[in-house]
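What follows is the residue order along each chain.
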Amino acid sequence: MAMLTIDQVEKYYGAKTALTKALDQISFSVEEGEFVGIMGASGSGKTTLLNCIATIDTVTAGHIYLDGTDITALKEFRLAGFRQKNLGFIFQDYNLLDTLTIGENIALAPLTQGVEPSKALKGTRHIALRLGIEDILSKFPYEVSGGQRQRCACARALIQRPRIVLADEPTGALDSRSARILLENFLDMNEHLGATILMVTHDVFSASYCRRILFLRDGRIFNELRRGDRSRSEFFHDILDVVTFLGGDLPNAP
Amino acid sequence: MLLKLAWRGTLRNARDYLIYLITVSLSFALVYAFNTLVFSQEFRELNAWSENIVLMILLLSVLVVLILGWLVSYMTGFILSKRSRELGLYMLLGIKRSSIALLFLLENALLGGLALLLGLLIGTGIYQVLISATTYIFRLPYEIVLTFSPQALGYTLFYILGIYLFAALRNILKLRRIKIRDLLRQDGGEAAPKHRFRLRNLILFLFSIFLLIFGCVKFRDTCTLTNRAMGRDLVLSLSCLILGLYLFYANLSALIVRRLLRRVSFSYRKDRLLLLRGLSNRLNSMGTTLGTLSMLFMVILTSFQAGLEIKAVFDLQEMYTSPYDVVIYSPDTDFSAYRSYLEEELGVEARYVYPTYVSDSDALLRYFENLPLIRFNYNPGDVLLSVSDYNALRALKGLDPVELLPGHYILSTTENVPEALSDPLPDLSLRRETLAFQAVYTDPVLPSQMHVCIVPDACAKDYPVDYYTLVVHTQRETTDEDYLKICQAAEAFYGHDTASYSLYYGNVRIQGSVRSEGQTYLLMIVFALFYVGLVLVCSCAAILATRQMSDTVQRRYHYKILSYLGFSQRRVDRYLWRQLFIYFGVPLLIPLPLSIYASYCLHNIMRPYVTDAHVLTYAAITIGFFLFVYLIYLAATYIGCRKNIQEGWHPLD
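Sequence lines, in order, name chains A and B.
Quick note: the first sequence uses the working numbering, first residue 1407, plus one each step.
Quick note: the second sequence uses the working numbering, first residue 3, plus one each step.
Hints may be right or wrong, so weigh each one.
Quick list of in silico lysine-lysine cross-link-like pairs, BS3-like style, CA-CA up to 25 Å [unchecked claim]: (1) A:Lys1528 - A:Lys1545; (2) B:Lys98 - A:Lys1545; (3) A:Lys1528 - B:Lys98; (4) A:Lys1491 - B:Lys272; (5) B:Lys6 - A:Lys1481; (6) B:Lys98 - B:Lys6; (7) B:Lys272 - A:Lys1525.
Which residues of chain A face chain B? A partial, calculated answer using Cβ under 10 Å [stated by the list, open to error]: (8) Tyr1471; (9) Leu1485; (10) Ala1513; (11) Arg1586.
Note that these hints are calculated values from the structure, not bench results.
In this text the structure is predicted, and so the values were computed from the model without any measurement.
C-beta: ideal position from N, C-alpha, C; glycine also.
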């Protein structure tokens, strides 16, 4: 059984006279331990889809199941707890709290769930070691590089071992070297920690790290690519072909 | 085009800085209302003392204008820094620097105009409250009349023009110096947090505690009646307290980082990490402003409490100085100079003349010398009154007579004295016999007498009469005009003999006049505290509120992240409330206890006049009123911040 199932999801914005179909009958599923990418041009509905899965936005029609639970039917007061237990988030602009240190930003996730301080501290050190940011735990976000900030955001998303990590353009604000390190971290988390990742991106290079890509256009799934046994370079070119066909953004060659 | 841009900017500012606009409007309303009061004919003709209130209000207006100048200057500077990116963009688009300065000036002028318009409307209402309060205090009839005073408007406009010109000049100078790059780089928010712990900060923090304690000790020394270097001590203690407050708030974050945040077992529980880091950041970015606010809070709170205490002094004075409608002192029993006025103008209901004696014993004088009470008896010996005279006076006041035991004396004094008496009172060695102490009576029976010994008639008559006192209960209630008239009548009776001139005026007490003086002081205190205190509290709270609301907009994403991390809306609300509570509470951390302490010290000076019983009541009234106004701002800030956060909650952000 799939871990995440999107079933005939629709999302409309606006009034009847100027209706925008952000998502139009989308259906797909994600297996446990998968690394799935969602690509599409601006306005194709990528972020709307991610927000609906994140329970930040509601669907107009359809259902979203996580481990068999219909999250579109969850009551408002249960959503916060649901997000806390099941979801991890990574954003393009890091979204770290600038008043906390890197270590405190990471520890914040377990602390908000009431985990013992000593356990939260231990978990923070462990995940920071894994992501190579153990030296900067006592620094503030403004004191470290963009790549390090994004790895901190990664650590915060992963520390509580969520069922699924939702990443929205995580490499969007990074230089190519930092982006590569981050994506290697994603791969490591996926392959060795068994993390399930759903990543929204319009960058072909970032997408080439995924095992499967869903292409969105005008709120619908236009195409689906699986990497299979191909090398990352071959997969990159296949993605590029689809993007070119879609008339999308230019790639960042691997 | 410039006007259109300015108008849009003004509307946006009015919306974004609503609390500031309301505060300024309210302050202008107070300035206008008090000036209208000052220039109103009814007020100027209130009584002989109302000129004093007029002068005081004009002086207070200058003080209020200075406070408002600080608020407006601070806020326009803040708005400028918030909008620096936009102004930088205008410069990039080729708009001249002078045009941008003019735009900013226009915006401020429009905002000031809006505040003035609101202020005039509210001020007209406040004036009605003030004039009704005045007539109520003076027991005069009151009717609502819509009043417009061109002079008051002129003064108010003059003040406001001064305030805005000062603020505008400062900002124009700032704009002239700044470069486009700097404007574009600034986002007007709080600087990047620098919560690094430095030993220097901790040392300075500890030094600030030392300064505050030292300042307190010196202030206590200042407030003693025996202090001969009061001026020097006052300057020293105030300097220490002010410097201590600034250093305390500038370095408090060092203590938070060192003592609280490093203790993981404490700081990692509940929402403490977020709250403490937020507070530490706030202290770093506006430590000096918080120091200023706390200093102002301390001044407001202490003045309020001292004001109430001074009011108590006047109440006491009214009660003891003139417990009868008319009191006249004379070296002999001839009061004929006053008779015609008393009988014809006031009507005599009851009258009594009694002598006061000065003994050769100074036992009580010496006893009171060692107590923290002012010396009222400047005679060489203790003052005596016969028990029959005392009982006759008590009867005049409707009180039961006292029974004096043989061989004893009674002390008649004011109500604050008994609590200062620690040792038993001494025996009184008189010519006829030695009298033992029997009791203390504090009923207001004897005018202007602080410590009088009530002795058997025979003991008193062994001594020469010091002076005679005539006390009268009149048929008509006396007014402050009677004082002048009765003195003039006495003057006319004797002829204009300059040698006895001061005698008529100094030896007459008219209850109506004393009461009127007391009412005037009451009005002065109430007006001064209400006027300056309210403007000051509102200005300080408005700065805190605006900073916080602006910070919430800038850090909207903080709350969004917390939501992603599993904070429910309720928990975010609770966190926001706690955060605001701490931010508003920190500037009160020192001023609240310090003001109560300062009031206790000031009470030492007042102790000869007032009892200790009301000090805590005055503190409670003051702090209650202050917190009431402050909490309104806190609640408004909470509602505003919550709205700001929720507006930023849109999922497609």
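Okay, the hints, checked on the actual structure:
Taking the CA atoms of lysine 1528 of chain A and lysine 1545 of chain A, the gap is about 17 Å. The hint holds against a cut of 25 Å. With a C-alpha separation of about 42 Å, the suggested pairing of lysine 98 of chain B with lysine 1545 of chain A is violated against the 25 Å cut-off. A distance of roughly 58 Å separates the Cα atoms of lysine 1528 of chain A and lysine 98 of chain B; the hinted pair therefore is violated under the 25 Å criterion. Annotation: proposed proximity of lysine 1491 of chain A to lysine 272 of chain B holds, straight-line Cα distance about 18 Å (limit 25 Å).
Distance hint between lysine 6 of chain B and lysine 1481 of chain A is unfulfilled; the C-alpha atoms sit about 47 Å from each other, more than 25 Å. Pair hint lysine 98 of chain B plus lysine 6 of chain B holds up; C-alpha atoms about 17 Å apart against a cutoff of 25 Å. Only pairs whose Cα atoms come within 25 Å are accepted, and lysine 272 of chain B paired with lysine 1525 of chain A is accepted, the gap being roughly 15 Å. Nearest Cβ of chain B to the Cβ of tyrosine 1471 of chain A: about 20 Å, over the 10 Å cut. The hint is violated.
Hint on leucine 1485 of chain A holds. Least Cβ distance to chain B is approximately 8 Å, under the 10 Å limit. For alanine 1513 of chain A, the shortest C-beta to C-beta distance to chain B is roughly 7 Å, which falls under 10 Å, so the interface hint holds. The interface hint given for arginine 1586 of chain A is broken, as the beta carbon of that residue sits about 26 Å from the closest beta carbon of chain B, more than 10 Å.
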